[in-house]
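Student: Chains as they are written, first to last, in my numbering: chain A, 8 to 253; chain B, 235 to 804.
Among the hints, erroneous ones may be present.
Each computed SDA-like pair below joins lysine to any residue, with the alpha-carbon atoms no more than 20 Å apart [what the hints assert, rightly or not]: (1) K557/B to N372/B; (2) K675/B to M122/A; (3) K425/B to E238/A; (4) K691/B to N310/B; (5) K170/A to P634/B.
What the simulated footprint calls covered on chain B by chain A, stretch by stretch (three residues with Cβ under 8 Å from a Cβ of chain A suffice, anywhere in the stretch; the number is not a length) [said to hold, decoys possible]: (6) 413 to 420; (7) 582 to 589.
Keep in mind that the hints were calculated from the coordinates and are not lab data.
Note that the coordinates shown come from a computational prediction; the quantities given were computed from them, not determined experimentally.
Beta carbons are placed, not taken as given, at the ideal position from N, Cα and C, and that holds for glycine.
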Amino acid sequence: MSKKDLSRRDFLKTTGIATGTLVGGGLIGGLIGFGSNKNNSSNSDKNASKDQAANTNSKGKMFFTTDKEFEILSNATERIFPKDDLGAGAIDLGVPYFIDHQLAGNYGSNSREYMQGPFYAGEATQGYQSRLTRAEIFKQGVGKLEAEAQKRFKNGFSSLDDKQMDEILTAFQKGEVAMSGVTSAFFFTLLRSATIEGAYADPMYGGNLNMEGWKMKGFPGHQMSYINVIEEDKFQKIAPKPLGQH
Amino acid sequence: MTKTMPKVDVVTVGVGWTGGIVAAESAKAGLKVVGLERGAKRGTEDFMNVHDEYRYAIRYELMQNLSKETVTFRNNRKQRALPMRQLGSFLLGEGLGGSGTHWNGQTYRFLPYDFEMKTMTEKKYGKDKLGSDYLIQNWGMTYDELEPYFDKYEKTAGISGEDKNPFWGKRSSEYPTPPMKKTPLLQKFEKAADKLGYHPYMVPSANLSEAYKNPDGEQINACQYCGFCERFGCEYGAKASPEVTVIPTAKKTGNYEVRCNSNVIEVLTKGGKATGVKYIDTISGEEFIQPADVVVLTSFMMNNAKLLMVSNIGEMYDPATGKGTLGRNYCYQIMPGATGFFDEQFNTFMGAGALGMCIDDFNGDSFDHSDLDFIHGANIALMQLGNRPIGNNPVPSDTPTWGAEFKKQSIMNYTRSLSLGGQGASIPHKENFLTLDSTYKDAYGQPLLQLNYDFTKQDIALHKFISDKSAGILKEMGAKKVEARAPIDHYNIVPYQSTHNTGGTVMSLTPEEGVVNKYLQHWDCENLFAVGAGSFSNNSGYNPTATVGALAYRCAEGVIKYSKKGGSLV
Numbered sequence: 008m009s010k011k012d013l014s015r016r017d018f019l020k021t022t023g024i025a026t027g028t029l030v031g032g033g034l035i036g037g038l039i040g041f042g043s044n045k046n047n048s049s050n051s052d053k054n055a056s057k058d059q060a061a062n063t064n065s066k067g068k069m070f071f072t073t074d075k076e077f078e079i080l081s082n083a084t085e086r087i088f089p090k091d092d093l094g095a096g097a098i099d100l101g102v103p104y105f106i107d108h109q110l111a112g113n114y115g116s117n118s119r120e121y122m123q124g125p126f127y128a129g130e131a132t133q134g135y136q137s138r139l140t141r142a143e144i145f146k147q148g149v150g151k152l153e154a155e156a157q158k159r160f161k162n163g164f165s166s167l168d169d170k171q172m173d174e175i176l177t178a179f180q181k182g183e184v185a186m187s188g189v190t191s192a193f194f195f196t197l198l199r200s201a202t203i204e205g206a207y208a209d210p211m212y213g214g215n216l217n218m219e220g221w222k223m224k225g226f227p228g229h230q231m232s233y234i235n236v237i238e239e240d241k242f243q244k245i246a247p248k249p250l251g252q253h
Numbered sequence: 235m236t237k238t239m240p241k242v243d244v245v246t247v248g249v250g251w252t253g254g255i256v257a258a259e260s261a262k263a264g265l266k267v268v269g270l271e272r273g274a275k276r277g278t279e280d281f282m283n284v285h286d287e288y289r290y291a292i293r294y295e296l297m298q299n300l301s302k303e304t305v306t307f308r309n310n311r312k313q314r315a316l317p318m319r320q321l322g323s324f325l326l327g328e329g330l331g332g333s334g335t336h337w338n339g340q341t342y343r344f345l346p347y348d349f350e351m352k353t354m355t356e357k358k359y360g361k362d363k364l365g366s367d368y369l370i371q372n373w374g375m376t377y378d379e380l381e382p383y384f385d386k387y388e389k390t391a392g393i394s395g396e397d398k399n400p401f402w403g404k405r406s407s408e409y410p411t412p413p414m415k416k417t418p419l420l421q422k423f424e425k426a427a428d429k430l431g432y433h434p435y436m437v438p439s440a441n442l443s444e445a446y447k448n449p450d451g452e453q454i455n456a457c458q459y460c461g462f463c464e465r466f467g468c469e470y471g472a473k474a475s476p477e478v479t480v481i482p483t484a485k486k487t488g489n490y491e492v493r494c495n496s497n498v499i500e501v502l503t504k505g506g507k508a509t510g511v512k513y514i515d516t517i518s519g520e521e522f523i524q525p526a527d528v529v530v531l532t533s534f535m536m537n538n539a540k541l542l543m544v545s546n547i548g549e550m551y552d553p554a555t556g557k558g559t560l561g562r563n564y565c566y567q568i569m570p571g572a573t574g575f576f577d578e579q580f581n582t583f584m585g586a587g588a589l590g591m592c593i594d595d596f597n598g599d600s601f602d603h604s605d606l607d608f609i610h611g612a613n614i615a616l617m618q619l620g621n622r623p624i625g626n627n628p629v630p631s632d633t634p635t636w637g638a639e640f641k642k643q644s645i646m647n648y649t650r651s652l653s654l655g656g657q658g659a660s661i662p663h664k665e666n667f668l669t670l671d672s673t674y675k676d677a678y679g680q681p682l683l684q685l686n687y688d689f690t691k692q693d694i695a696l697h698k699f700i701s702d703k704s705a706g707i708l709k710e711m712g713a714k715k716v717e718a719r720a721p722i723d724h725y726n727i728v729p730y731q732s733t734h735n736t737g738g739t740v741m742s743l744t745p746e747e748g749v750v751n752k753y754l755q756h757w758d759c760e761n762l763f764a765v766g767a768g769s770f771s772n773n774s775g776y777n778p779t780a781t782v783g784a785l786a787y788r789c790a791e792g793v794i795k796y797s798k799k800g801g802s803l804v
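Chain A on its own, in the form it takes in the complex (with noise of 0.2 Å):
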């Protein structure tokens, strides 16, 4: 077995750090390293390959129920994180499913937060104040874009130009759309936030499709250690590694 071959798991049995063996640092860092970048960019279209095929099976919808209301979500997140030179948006990189399934789960049911009353609005510096649950939230608010597109250019969100969409989101950013339960300010906040917890969280959660969110931003995931590298001057590019293949 070559080092960079040698899985983290593997990595921490032989050398007993698990089991709180003595391990000076000089030795971790030798048993690690990070091999060249040539090694690395072969394995990261090995992985490229396994992480498309763990994809497709990830692409189903969990929480909406409609490919209407999937829709006007995938646009508006591709508004907040557009496609460009620098690579992927929020739809190539898997952002709408990313959020999909989280609202289908402990993120969707608030199931970590305070939920009981009384509710009062309070001031701002107080935060979330609202009886609704995230989930509740975003099918309310994906349901009031459809509707400020109707109202304003008598057309489907789905069906409007960028710029259209855009002067939709600012008016929801700057809380002048009306919501029942909650603030259109505070919506777009939860969007705003999720769309870019999808483009940069681990693959495994259904977004940052291929690491090309990481990829772009120059962040390789998941290592086992930096020793080796953090006393160099010059900025390292590593091959990133999701936490799956570890």
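With chain A's structure known, arrange chain B on it following the hints.
Tutor: Relative to chain A, chain B alone:
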């Protein structure tokens, strides 16, 4: 039906750094100790899949589940306090090891000035430097008195550092391990700080520069600079934390038992003394009483204060009259700083939680405040924490917050910007305090703790001063564009700022000024101790953990002393 457990010598509420230290020292001295921890058991073996920013840093995997309990908050007494429904400004934790599991590991001792703030400020600047709304007081112990306890904590944790800071107190010994690697980024900061006449030094770190065996025989491994420290546990056992140090030390004695998923809801008292605690097994739902000769509150400062309040021990602070001590002197930290944008690309994604260089030239009373309208200051640091991509999207302030330009700027500047951060000291003010909420309840039917807090004039002035100094260093470092942080006005509980919340159960020289004496023994209840950042009567310009650790060793000494002779220790 409530089940009563066999009586023990000492029960600690919470098993993090303070609970672990008190347990280790008491158990070594032959006392039978039970630690009640409301969160789950966890340790190094649970962190093999920890390099997941979304799960741990964004969705707060290791933090408290707020659906069960949170706090309420308002900026001032005219507002209606409302619950903090999701985590933001500070991250309440739970679980074995407490915040000691997911801390960054920056381990500064507070300054001599912090402990004698009243005396030293009045001596140099007169009695009315800030005015009577600020509740400045001395801690009841000086730095020199606490030095042996700092020394002990640093040796337990194996702290990596260098004694090169001319502004801090005298040390009785060198750091147990040498400082971390001085990376090119840190050298860049050092060069600029030197040129400006400041005194840069390596941040004292609990991510160890080399493998270390502590005086109790516990092994801490060497840091790998993987960039996943704060909000994560260490899969290498290379970050000093209670699970790899004091908890195993306590267990080895045979005198220590930890019960996880055990949420203490009340301190029981009779005739002015504590008889034990009542807790709920959060898995089975059963209620238990754990009788003990000594009860030690070793949970987060907010929970320590709340337990005393719901148990009716001590007098609640009333901001209208100034009477009462419980809940008084709540302090936080002010987060000034600046960001510099560069053309060159840096390895910002590598790092460790306490990998950094810093200066104290504008911290404590290192500089003259005669012509300034604030006291104290901030440690200013360049940290190489390992910036992760969801949480780090630095853009110049004129950039839109979304869309094509945001995407371009945030991607470009992710590896081309550096931020200097100050941790601004927080001075107690009569309107900043903790009390019980009268509306909202936790999952056990008890009132939530209520936080009353806003930035003061002192804070606003300090923030601007330190942000300007930080910008000056970044200019010297060669940034093509430098932006100091925008001035602050009102405290907002939404964005993350700091989990260095302090006060509420203050240590003091007299019962009129605090909740516990200088052995961390409750003034009104001699077999009850409370220790942690809640013991601070003011916050400093540093991370609090070393001072928390030192006070925990002091508290352990008090517990052992009390167990032998009883009575008030002062």
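Student: Just pull the numbers of the violated hints for me, sorted ascending.
Tutor: none
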